[in-house]
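Asker: The whole structure should be built from the sequences, with the hints applied where relevant.
Protein chains in written order, with our numbering: chain A, 1 to 151; chain B, 1 to 691.
Simulated from the structure, these hints should not be mistaken for lab results.
Warning: the hint list may mix true and false statements.
Stated by the list, open to error - If the Cβ cut is set under 8 Å, some of the chain A residues that face chain B in the computed set are: (1) G35; (2) G41; (3) Y62; (4) G69; (5) D71; (6) I75; (7) V92; (8) A95; (9) Q98; (10) G138.
To be verified - Cross-link-like lysine-lysine pairs, in silico, PhoX-like; alpha carbons within 20 Å at most: (11) B:K375 with B:K284; (12) B:K21 with A:K80; (13) B:K21 with A:K89.
Computed from a predicted model, the values in this text were never measured in an experiment.
Ideal Cβ positions, reconstructed from N, Cα and C, are used throughout, including at glycine.
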Amino acid sequence: MKNINCIVNGEKVSRNIPDDMSLLTFLREELGLTGTKQGCGSGDCGACTVIVDGKSVDSCIYPAVLADGRDILTIEGLEKNGELDRIQKAFVEHAAVQCGFCTPGMIMSAYALLQDNPNPTEDEVRRAISGNICRCTGYQQIVDAVLSLNM
Amino acid sequence: MQDIIGTSVFRSDAPDKVRGKAVYTADIMMEGTLHVSLARSSAAHAVLKGIRVPDLPDGCFVFTAKDLAQNFIPSIFSEQPVLAFDRIRYQGEAFAIVAAPTKEMADSIAASIEPELEVLETVDSIADALDEKKPALFDKGNVCSSFHSDKGDVDKGFAESFLVLEGDFETPVQIHGFIEPEAAVSYIDENGKLVLVSSTQNAFGDLYTAAVATGRPQSEIISMAATVGGAFGGKDGNTAQVYAAVVSHLTGKPARFIYSREENIRYGMKRHKSVTHAKVGFAKDGRILAAECHMLLDTGAYALLGPSVLNLGLEHFSGAYCIPNVRLGGKLLYTNHAPASAMRGFGAPQAAMAFENLLNRAAGKLGLDMIAIRKLNAIHKGQPGPMGGINEHEMGLEEALDRFAESDFYKEMTEQPEKDCGYGLAVGMMSSGLGKHIPDTCYVTIRRKDGGFAVRTSLIDIGQGSRTALTQIAAKALDVPFGAIDMQMGSTVDNLDSGSTAASRSTFICGNAIIEAAKKIREGADEARASCAFPEASGQAIHTYFAFIVQGAKVKVDPVTGKTDVLWIHCVTDTGRVINPSMLDGQVFGGVAMSLGMTLSEEIRYRNGRSLENGLGNYILPTALDVPKLTNEFIEKPEESGPYGAKGMAELPTVAVAPAITTAVCSLYEDLEINTVPIDRTAILGSRRRT
Ligand code: FES
Ligand code: FES
Chain A
1 MKNINCIVNG EKVSRNIPDD MSLLTFLREE LGLTGTKQGC GSGDCGACTV IVDGKSVDSC
61 IYPAVLADGR DILTIEGLEK NGELDRIQKA FVEHAAVQCG FCTPGMIMSA YALLQDNPNP
121 TEDEVRRAIS GNICRCTGYQ QIVDAVLSLN M
Chain B
1 MQDIIGTSVF RSDAPDKVRG KAVYTADIMM EGTLHVSLAR SSAAHAVLKG IRVPDLPDGC
61 FVFTAKDLAQ NFIPSIFSEQ PVLAFDRIRY QGEAFAIVAA PTKEMADSIA ASIEPELEVL
121 ETVDSIADAL DEKKPALFDK GNVCSSFHSD KGDVDKGFAE SFLVLEGDFE TPVQIHGFIE
181 PEAAVSYIDE NGKLVLVSST QNAFGDLYTA AVATGRPQSE IISMAATVGG AFGGKDGNTA
241 QVYAAVVSHL TGKPARFIYS REENIRYGMK RHKSVTHAKV GFAKDGRILA AECHMLLDTG
301 AYALLGPSVL NLGLEHFSGA YCIPNVRLGG KLLYTNHAPA SAMRGFGAPQ AAMAFENLLN
361 RAAGKLGLDM IAIRKLNAIH KGQPGPMGGI NEHEMGLEEA LDRFAESDFY KEMTEQPEKD
421 CGYGLAVGMM SSGLGKHIPD TCYVTIRRKD GGFAVRTSLI DIGQGSRTAL TQIAAKALDV
481 PFGAIDMQMG STVDNLDSGS TAASRSTFIC GNAIIEAAKK IREGADEARA SCAFPEASGQ
541 AIHTYFAFIV QGAKVKVDPV TGKTDVLWIH CVTDTGRVIN PSMLDGQVFG GVAMSLGMTL
601 SEEIRYRNGR SLENGLGNYI LPTALDVPKL TNEFIEKPEE SGPYGAKGMA ELPTVAVAPA
661 ITTAVCSLYE DLEINTVPID RTAILGSRRR T
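Answerer: The following block contains the structure:
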């Protein structure tokens, strides 16, 4: 067991956790943040994507102990005062959501992209979400949603 | 006021999904839950002589076939046991259920349970299944079902043909690839009822399966869908559900069973691998005089919905065209592979791969363009289908072809093709409804409530957006705003059985039931129930309604590696009146991407019954870099008997992508014919490039 202290969605969190716990399990089972999903558990689908210190990571293969001292943002942290974040809104408005299981991870990857690059090209968008598999949408409306946010 | 039908209202479930607030099965966590694992066979084919269970730690359980009230999963033949007891028929078949306080404990106990096996030779392919010297999986042999239909005089049709083309075509075992793995949780509620919550297409189906296995009266079980993270046919039938239910029933505790991705890939349901011999005869002017198809499908160890897949595949082989002489035949074969069952398209993509490729080759040889040869033969309302029954409903194939001919895609293809790019197109047809002799009724209840209406059905929004489309229909039928409808779906509570959410049937059948119930409400009732049954097809036909799609592909092939890159897919769909245009586009794009995967990269390969693929690292689903620009247009030819003119369409866009792409690739080469997908790039490399 190890003690970790980190910031999750702006709030300080301190927990004793087993050494081999993944960040995904930590978020879902310790903190009850079930918005982050598990699609594979092996770093291949991106459903579990969260932001750690500004970078997107697959939380299923990210050891929770490494989160010690870091700042973590999950899908639950995007909404401000009951208002959807602009990426969330764009996903709703562009029909980029079907079953929704890939959606939280997809939105977090888009978030990481737009932080670094507020005006991405279509190719840059596709590259940024290429670690996030969506089986429902064929990606077109997801790409449209992200591109609609170009300034 | 703007008509809500035909408006791209935002999906009602999208806000919760983008917030991460939608509750999927795995998000339901209960105190004291037992985690479920299955003890699975490492052999693909064996006699099971006994099971040795080790001593168990406190609080852990192992259940085998003898703990079940009855040991079968209800389906067409109901020959699949819940737990294997005398025979193992595929690698990974379960013979014991383990329940433990943690998943890790359950897994390790499952791995330590030893089956006593007498290993048998593996039936590892369609060819093996046809080989009389190989062992039979069942007493009746390895032919699970067969189909035959003969219309007109096929031999005469071929004799009179100016050009006869034939070929042997293959499509792979494909997985559904939903990102949410199979999942179920269950518990006993305060009234002693067993509650089963799962990722499913059929809440009542799960209830019946749980009742069979546990021996509980059906009235002592409640079954419902959580938010479903994709299904595509692969959650139509039992996956995880019955195992969780058995554990809760026998222990009284909550139980939870989530497939690992490896279990999903290896042991989840599949699309049937097909081997198809096809032959088509043409008059000099391009009219099709005769068509013949012999299709073999690998259904794996159990039939599940395979017999219907075979029949539908054959019905759809040449169904988009009016052909006087058609002979259809095929066999569904047992092998020692994980069972295949329903997958979006349900046999039609396999059939289109054969027919549409031959049709494009004929167009080339006869000097006709790919649209012209199709218009010449396109099926129309009032004409007989491939098995003789008259098509009594709207068919918009001709209009779709005309629209496609006006598209930017077609102009580029015919007038200004980009250098080094190949182009191709193909037509897909897809029925809606379960088909003849299968009960196909939907029940809806509408109740007035504060400021609006609750609309209830047991059908499920499996991610495709039926909740939103049906809410639009209800809002229209009751003449109230979208927001006044509370659409309640996917539970057995206070509902009659509306069957599975499958076969592109929800919008049509549930939409019509909503309109019926709404009439009674508008006449003054506070609560009204109505039902709608799918009309049966006439004559020998299996299905009643068909939607059509024209799909065009633009590709590039790397001359060094032979790798195909798809650059653009354009579609024109005919699905009657469109309820929600952006959702229609979304269904089309998703279906296209799924079949693009089948054409380029997706395949389960068995070696001695074991799949080489075990994760998303080696089973390659298309990413945003593999799927190109996708565009869709639709023609609207309202179907009088559909809800506000709509027809079902969810499966349609999977149908003709493979032949559109293979045709586009072949157009770059002098003599290349591609009959097998996924495309083998090394086979391309030997061909001579057109200059
Ligand atoms: S669940 Fe983490 S990458 Fe798939
Ligand atoms: S919306 Fe279903 S996987 Fe992306």
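Asker: Would you mind marking each hint as holding or not holding in the structure?
Answerer: Results of checking the hints against the structure:
1. Hint on G35 (chain A) holds. Least Cβ distance to chain B is approximately 2 Å, under the 8 Å limit.
2. The restraint placing G41 (chain A) at the interface with chain B holds, with a minimum CB-CB distance near 6 Å, inside the 8 Å limit.
3. Interface restraint check: Y62 (chain A) against chain B, minimum CB-CB distance 17 Å, threshold 8 Å, status violated.
4. For G69 (chain A), the interface hint is violated, the least distance from its beta-carbon to any beta-carbon of chain B being 24 Å, above 8 Å.
5. The closest approach between the C-beta of D71 (chain A) and any C-beta of chain B is roughly 18 Å, which is over the 8 Å cut-off, so the hint fails.
6. Taken as an interface hint, I75 (chain A) checks out: its beta carbon lies about 4 Å from the nearest beta carbon of chain B, inside 8 Å.
7. Using the Cβ-Cβ criterion of 8 Å, the hint placing V92 (chain A) at the interface with chain B is satisfied: the shortest such distance is roughly 4 Å.
8. Look at A95 (chain A): its Cβ gets to within about 4 Å of chain B, closer than 8 Å, so that hint holds up.
9. Because the closest C-beta pair between Q98 (chain A) and chain B is about 5 Å apart, less than 8 Å, the hint holds.
10. The interface hint given for G138 (chain A) is met, as the beta carbon of that residue sits about 3 Å from the closest beta carbon of chain B, less than 8 Å.
11. The straight-line distance between the Cα atoms of K375 (chain B) and K284 (chain B) is roughly 15 Å, inside the 20 Å bound, and the hint therefore holds.
12. Annotation: proposed proximity of K21 (chain B) to K80 (chain A) holds, straight-line Cα distance about 15 Å (limit 20 Å).
13. Taken as a hint, the K21 (chain B) and K89 (chain A) pair is honoured in the structure, with Cα atoms around 15 Å apart against an allowance of 20 Å.
Violated hints for the displayed structure, listed by number in ascending order: 3, 4 and 5.
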